[in-house]
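Trainee: Knowing the structure of chain A, use the given hints to seat chain B with the ligand on it.
Chains as they are written, first to last, in our numbering: chain A, 53 to 294; chain B, 202 to 390.
The set of hints was computed from the structure by calculation and includes no laboratory data. Don't take every hint at face value.
Straight-line C-alpha distance at most 27 Å; calculated DSS-like pairs for lysine-lysine [stated by the list, open to error]:
no. : chain 1 : residue 1 : chain 2 : residue 2
1   : B       : K224      : B       : K305
2   : A       : K263      : A       : K139
3   : A       : K168      : B       : K224
4   : B       : K224      : A       : K199
5   : B       : K357      : A       : K92
6   : A       : K92       : A       : K199
7   : A       : K255      : A       : K278
8   : B       : K305      : B       : K277
9   : A       : K139      : B       : K224
10  : A       : K255      : A       : K139
11  : A       : K199      : A       : K263
12  : A       : K199      : A       : K255
Every beta carbon over 12 Å from chain B, so not counted as near; a handful from chain A, in silico [unchecked claim]:
no. : residue
13  : G106
14  : E132
15  : N178
16  : T180
17  : D188
18  : R194
19  : P271
20  : W273
C-beta atoms are modelled at their ideal positions from N, C-alpha and C, and glycine is treated no differently.
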Amino acid sequence: MTHLANRRSSLVAYSRHEPGTQPESLYEPYRSTLRRAPSKPLIFLPHTLSEVTGPVYGHGNIAETDNDLTAQHQGEPLGERIIVTGKVLDSNGRPVPQTLIEVWQANSAGRYAHLKDQHPAPLDRNFTGAGRTLTDEHGAYRFITIKPGAYPWLNHDNAWRPAHIHFSVFGRAFISRLVTQMYFPGDPLLAFDPVYQSVPDEKARQRMISKFDLETTQPHWALGFKFDIVLRGPDATLFESI
Amino acid sequence: MRMVPTPSQTVGPFFAFGLTQGKACSPCIAGPDAKGERLRLLCCVLDGDGVPIPDAMIEIWQADADGKYHHPDDPKSATADPACLGFGRMGTAEDGTCMFETIKPGRVPGPAGVLQSPHLNLALFARGLLKQLYTRVYFANDPANQEDPILVLVPKERRSTLIAQLENGGRWRFEINLQGERETVFFDV
Ligand SMILES: [Fe+2]
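Excised from the complex, chain A in its bound form (with noise of 0.2 Å):
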């Protein structure tokens, strides 16, 4: 018992990335890195209680039409609608259950709810575009949303962004947290997107592709996408050794 404790208090080891599973925070492609990726190496941190703690959320966070991005306006939105359905797992393959998901996309003619997107491309008043829910205590999660439309931008002549939803979830730590893009399977503009192939590794870059998946589609309503997210979970040789 007195051992188990003793592995208890100095369990606190994540699992640390593979190489080329992640991107490197330089990439010449992707121009804006340039003047923004640290040009000093990184310094190694052995993980304490500060790195594997983080944010806890509960239900009073979501409100009902949160996770129905269709729901949130007088009207429906323009557009394809599709239900976006997954898991949040960690490293181990466990399910992280009670996290918060929080997605923001363009609408179906590639435009954002934001001052700033000067894409010459029609707003839709019954469609914002941002949507929020809780995993459950499977670490399933569940959004309907239209499907958002590709568009142009500025990082090199005829630059134009696959189309995509952005995700942010938390899982358990705050260096579990993920920020990444979901996009759509056969996409011909991922070839050509420097954002999408900043990730060295292949296998890992198609983790970011959904999947289209008939079991979640609706007759006569929605097409179906499945889009699992796995988070770094706590070193699995550390429980192996209890």
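Mentor: Chain B with the ligand alone, transformed into the frame defined by chain A:
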């Protein structure tokens, strides 16, 4: 079963309506009833040319005045201050700044049980950052900084980039420089 974590992607320029407006914005890290010395912290984010970044997001995570985290993995969480939830998040304004209100945290155990000096854990997100950057905010003139087990891992000449300074008027200031002479120390977590 070992699974590879999903890759990070930039938060982009248009996150405000999803992440930092309305109830998603939380400038108050510790409620008005929280124990401890109250303080205001102004954060300022500058790019490699020293130009303020108007589209960054800062998240802060901290312990209560006794050094306890409001989280089940802190063995002392049962007696943590319920008025100090410990989390804050803001977007920067046009001048690259944002201001948090909180209390000074207590000392948290570090490697081998050595107590750490009071610090805030900070994550920075922005267009151009493909993954968030982690740094820490320590407080100038705290004698515990001399024996902090993390600060000693940082080259001496760079330690000052992790230390907030008290300005006239009682407000703390923490400058984040992404590059350059005074480049802030970021951690490989
Ligand atoms: Fe976007």
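Trainee: Look at each hint and say if it fits the structure.
Mentor: Hints and how they fare:
1. B/K224 with B/K305: At roughly 24 Å apart (the allowed maximum being 27 Å), B/K305 and B/K224 satisfy the hint.
2. A/K263 with A/K139: Satisfied, since the Cα-Cα distance of roughly 13 Å is no more than 27 Å.
3. A/K168 with B/K224: Within the cut-off at roughly 21 Å; holds.
4. B/K224 with A/K199: Distance of about 25 Å is within 27 Å: holds.
5. B/K357 with A/K92: holds (14 Å)
6. A/K92 with A/K199: Not OK: A/K92 and A/K199 at ~40 Å, beyond 27 Å, violated.
7. A/K255 with A/K278: holds (17 Å)
8. B/K305 with B/K277: holds (18 Å)
9. A/K139 with B/K224: Given pair A/K139, B/K224 holds - Cα atoms ~25 Å apart, limit 27 Å.
10. A/K255 with A/K139: holds (19 Å)
11. A/K199 with A/K263: holds (14 Å)
12. A/K199 with A/K255: With a Cα-Cα distance of about 24 Å, the restraint between A/K199 and A/K255 holds, given a limit of 27 Å.
13. G106: violated (6 Å)
14. E132: Given a closest Cβ separation of 20 Å, the condition holds.
15. N178: About 15 Å separates A/N178 from the closest Cβ of chain B, which puts it past 12 Å; holds.
16. T180: violated (6 Å)
17. D188: holds (18 Å)
18. R194: holds (17 Å)
19. P271: At roughly 30 Å from the nearest Cβ of chain B, A/P271 sits farther out than 12 Å, so the non-interface label holds.
20. W273: At roughly 25 Å from the nearest Cβ of chain B, A/W273 sits farther out than 12 Å, so the non-interface label holds.
Comparing the model with each numbered hint stated earlier shows that hints 6, 13, 16 do not hold.
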